[in-house]
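*Asks:* Could you build the full structure based on these sequences and the hints that come with them?
The residues making up each chain are set out below.
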Amino acid sequence: MKYVGQSIERVDGIKKVTGDLKYVDDMKLPRMLYAGVKRSPHAHAKILKIDTSLAEKYPGVKAVVTGKDFPKKAGLYLTDKTFFAVDKTRFTGEAVAAVAADTEDIAKEAAELIEVEYEVLPSIHDAREAIKDGAPLIHPDLGDYRIVPIFKPVPGTNISEHFKLRKGNVEEAFKKAHRIFEKEFYVPHIQHTPIENHVAIAQYDRDKNLTVWASCQSPYAVRAALSDAFDVPLHKLRVISPAVGGGFGAKAGTTLEGIIIPLAMKVGNRPIKLTYSREDEFVSSYVRQALHSKFKTAVDKNGKLLAVENEFIWDGGAFTEYGVNIAKSAGFAAVGPYDVENIHCDSYAVYTNNPVGGPYRGFGMAEIHFGIEQNMDHIAREMGMDPIELRRMNAQKPGGTTATGAKVDAACGLEETLEAVVKEIDYHTPSEQPSDPNKVRAKGIACGMKAPSMPNNAGSSAVVRINEDGSAFLSVSAQDLGQGSDTALTQIAAEGLQIPVEKITIKTGDTDHTPYEWQTVASRITYSAGNAIIKACDDVKTQLVNLASQKLEVPKEELILDDEHVVWEKDFTKKVPIRELSLGLQLEDGSGVHGPIIGRGSFVPEGVVNFDPETGLSEKPVVFWTYGAYGVEIEVDKQTGNIKVLKATTCFDVGKAINPELVKAQCEGAVVQGLGSAIFEEIIMKDGKFQNPNFTDYKIPTSGDMPEMTIHIAENPQYDGPYGARGMAEPAMIPAAPSIVNAFYNATGIAMNKLPLTPERVVNALKEHNK
Amino acid sequence: MKIKFTLNQEIIEHEVSPNKTLVKMLREDFDLTGAKEGCGGGECGACTILFNGKPVTSCLLLGVQADGQEITTIEGLSQGNELDELQKTFISTGALQCGYCTPGMILTAKGLLTENPDPSREEIKTALSGNLCRCTGYKRIIEAVEQAAKNYR
Chain A
1 MKYVGQSIER VDGIKKVTGD LKYVDDMKLP RMLYAGVKRS PHAHAKILKI
51 DTSLAEKYPG VKAVVTGKDF PKKAGLYLTD KTFFAVDKTR FTGEAVAAVA
101 ADTEDIAKEA AELIEVEYEV LPSIHDAREA IKDGAPLIHP DLGDYRIVPI
151 FKPVPGTNIS EHFKLRKGNV EEAFKKAHRI FEKEFYVPHI QHTPIENHVA
201 IAQYDRDKNL TVWASCQSPY AVRAALSDAF DVPLHKLRVI SPAVGGGFGA
251 KAGTTLEGII IPLAMKVGNR PIKLTYSRED EFVSSYVRQA LHSKFKTAVD
301 KNGKLLAVEN EFIWDGGAFT EYGVNIAKSA GFAAVGPYDV ENIHCDSYAV
351 YTNNPVGGPY RGFGMAEIHF GIEQNMDHIA REMGMDPIEL RRMNAQKPGG
401 TTATGAKVDA ACGLEETLEA VVKEIDYHTP SEQPSDPNKV RAKGIACGMK
451 APSMPNNAGS SAVVRINEDG SAFLSVSAQD LGQGSDTALT QIAAEGLQIP
501 VEKITIKTGD TDHTPYEWQT VASRITYSAG NAIIKACDDV KTQLVNLASQ
551 KLEVPKEELI LDDEHVVWEK DFTKKVPIRE LSLGLQLEDG SGVHGPIIGR
601 GSFVPEGVVN FDPETGLSEK PVVFWTYGAY GVEIEVDKQT GNIKVLKATT
651 CFDVGKAINP ELVKAQCEGA VVQGLGSAIF EEIIMKDGKF QNPNFTDYKI
701 PTSGDMPEMT IHIAENPQYD GPYGARGMAE PAMIPAAPSI VNAFYNATGI
751 AMNKLPLTPE RVVNALKEHN K
Chain B
1 MKIKFTLNQE IIEHEVSPNK TLVKMLREDF DLTGAKEGCG GGECGACTIL
51 FNGKPVTSCL LLGVQADGQE ITTIEGLSQG NELDELQKTF ISTGALQCGY
101 CTPGMILTAK GLLTENPDPS REEIKTALSG NLCRCTGYKR IIEAVEQAAK
151 NYR
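Heads up: the sequence lines are chains A and B, in that order.
Take the first sequence: its position 362, counting from 1, is numbered 362 in the numbering used here, and each next residue is one higher.
Take the second sequence: its position 137, counting from 1, is numbered 137 in the numbering used here, and each next residue is one higher.
Nothing false has been slipped in among the hints.
List time: in silico DSSO-like cross-link candidates among lysine-lysine, alpha-carbon distance up to 27 Å: (1) Lys20(B) <-> Lys108(A); (2) Lys503(A) <-> Lys88(B); (3) Lys699(A) <-> Lys125(B).
To be clear, the hints were calculated from the coordinates, so they are not data collected in a lab.
Model, not experiment: these values are computed from the prediction.
*Replies:* Structure (structure tokens):
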């Protein structure tokens with residue numbers, strides 16, 4: 001192939017290295033106002049009274065709103081959220097009221113003048129407490145909320161989703177077991193921390209058109225949620241996402257847009273901007289949900305996993321409109337990349353008075369694999385087996401079954417990826433030890449898998465327009481958050497049209513002008529938007545070939561696209577430039593045929609079906625699974641407790657790398673982000689109040705923490721992927737933390753069942769171990 | 001307050017309120033939005049600019065401190081449409097993803113290479129350690145700086 005599979009440079013490079021690209025916070029619109037937000041200091045409190053009179057009189061203030069003004073609930077899967085607290089607050093930092101003013105400073109000052117009287121209610125900050133009978137209810141009206149019917153909330157409790165997986169006969173299997181292993185794990189709340197904080201601008205004109213500029217991953221999903229929440233019809237609501245300075249899931253849904261829209265509706269066609277500070281970002285946007293997981297595993301005498309019984313309790317925080325899907329996804333992947341005949345899994349999304357949980361890169365999967373992959377090493381040790389051999393024996397393989405009973409696809413390359421990292425890290429050769437006796441080195445490995453977790457009918461569309469000079473516009477609403485979709489999708493279009501990449505301009509992120517895309521999440525864009533683009537290119541080709549057939553007087557079946565021409569495959573000298581057909585065909589007598597060339601493509605995955613509501617089983621619950629593995633070598637300083645990741649290697653089965661260097665770049669970023677979650681990152685809360693909302697106290701990896709990285713790619717083609725491609729950017733993060741924790745065990749003999757492995761925790765564990 | 005300073009090689013006289021930070025002055029008063037405010041506390045480096053040739057986080061300085069000084073932002077790094085070597089190598093090595101940290105990262109690297117034209121890998125890592133990137137894992141950024149150092153020489 002000419003364009004697909006080539007590591008071309010990013011198409012958005014120049015505007016990013018020059019500062020020319022305008023992100024939403026860089027926009028200054030005429031007569032723009034700024035918003036300031038009053039937030040709740042209490043994790044759970046009844047709102048008795050809000051006095052906005054001082055704020056309203058403050059010079060420069062143009063509007064004030066409270067939750068009473070817009071009490072309608074919104075949400076992607078479960079409509080449990082309001083953009084302002086209405087009757088009570090459910091987490092510390094929840095918006096209670098907001099003002100719009102001439103400047104940012106005035107807006108902030110005025111917001112502080114709003115007086116709120118609260119009656120503090122008992123709050124819950126541990127999901128294991130919240131799930132118990134008699135726990136104070138955070139959403140007493142849960143039973144009345146609208147919900148996508150595949151989810152199962154338990155009204156009268158704090159459980160907003162209970163996903164059950166029941167496969168085989170677990171009881172029988174446990175009876176037959178040679179050994180049974182039980183383990184518990186905890187993964188804390190962490191945050192995405194894109195370098196660009198959340199930001200949005202809203203403007204509502206007198207003809208009732210609402211325009212929202214937002215740094216968002218999913219303009220269409222945002223449009224749908226806002227339309228529902230504010231009763232604005234879709235043809236009057238335009239969402240524009242000009243650029244996204246990092247997302248990782250944080251910008252998948254709606255956050256601060258709902259705060260400024262009510263203000264915009266009061267100020268008469270003036271744009272209002274709200275930019276979160278880093279502290280706002282930490283406290284009031286999404287966090288990754290904490291997870292308490294339990295695993296009970298039955299193993300036969302050879303190490304074959306006979307049965308797994310597990311429980312996942314997700315700390316969903318104050319609202320779980322997105323979190324219910326995280327619980328479900330974890331449930332249907334309950335045993336990770338292994339083939340287990342008997343499974344009993346309960347996965348619960350649970351309300352607490354903690355910050356709102358949302359989707360974070362590979363949601364659900366990184367968290368459950370922390371337990372799954374440590375468990376595999378633990379079982380191997382106890383059975384006296386090589387952990388690689390144990391994984392190989394139990395790996396999902398073509399012809400095997402997944403947790404939901406679906407047949408494993410012929411393209412499953414898990415074993416191949418495992419072999420690649422074992423070889424690269426030279427797993428079976430012990431680490432060379434440093435001369436410093438306080439330092440010890442060891443290696444660790446972990447596997448992982450992930451599927452896009454999305455509605456069965458999540459669709460994509462694309463429009464291709466051929467310009468008069470033979471160049472093209474590609475319009476999609478897939479968003480480039482940095483992952484490189486603008487580049488990869490342009491390459492797919494180039495291949496389909498046989499027009500070079502530099503002659504195609506991609507247009508994205510404007511619901512008035514770019515066609516429907518469900519969401520840029522779940523590592524589904526290359527697959528889904530890519531397929532839509534291929535269809536749009538095919539449509540263009542059909543039109544071009546029909547015209548060329550008339551012009552060249554050869555059968556259209558024998559015409560192909562090549563090098564910006566329509567060419568007769570039997571004689572390459574017989575051809576017509578695409579450029580000449582861009583406005584249709586002009587016949588010898590001067591008359592025209594067909595008109596301008598526009599191609600359209602729509603795609604929805606075929607054959608993805610619902611789960612059985614009682615057992616959670618399904619023959620095809622997801623479009624594909626992406627498998628992969630990590631190998632790392634670490635050094636532990638036993639005196640300071642510092643862990644340094646020296647080497648990391650990854651291999652993921654991406655089906656087909658549309659742009660191999662972009663694939664590698666995703667893996668490198670995932671290694672370092674995963675490393676952060678393993679050894680640095682944890683939101684520290686005291687009664688639900690965020691204690692470390694800044695980069696000094698919430699440390700993310702810097703250039704100094706980067707390990708030496710070697711990235712491998714496996715390519716077992718996805719049968720319905722564009723040129724065989726499947727998603728990989730999220731899967732690439734999943735085995736990071738468990739591989740590091742497994743290496744830590746191999747270095748110290750200590751199993752850590754909690755993340756992160758901070759110096760303090762490491763030193764304490766070593767002290768305890770040496771007692 | 002009235003200040004006079006050099007901004008991207010141009011001498012500027014400007015009236016700035018005494019409590020306005022330098023990053024806000026550049027962004028709001030001059031529309032030089034390449035410097036991003038990612039944290040407001042000097043922790044992320046996204047607002048890095050060159051202050052008399054040295055990289056500084058412009059969120060920690062006041063606009064008035066620019067008085068009499070020479071400031072270069074990412075917009076002033078290229079000569080017209082001709083990109084600086086670092087800008088070219090950031091593209092060719094794929095050292096950027098979302099792009100939000102990129103201007104600050106490039107200017108920190110520019111400051112390093114001005115001072116030390118042949119830095120070791122460790123020196124590059126240390127110099128860049130105040131610029132956070134959540135996307136790339138830093139590998140290609142370091143390679144871009146190494147490559148640019150070679151190309152400058």
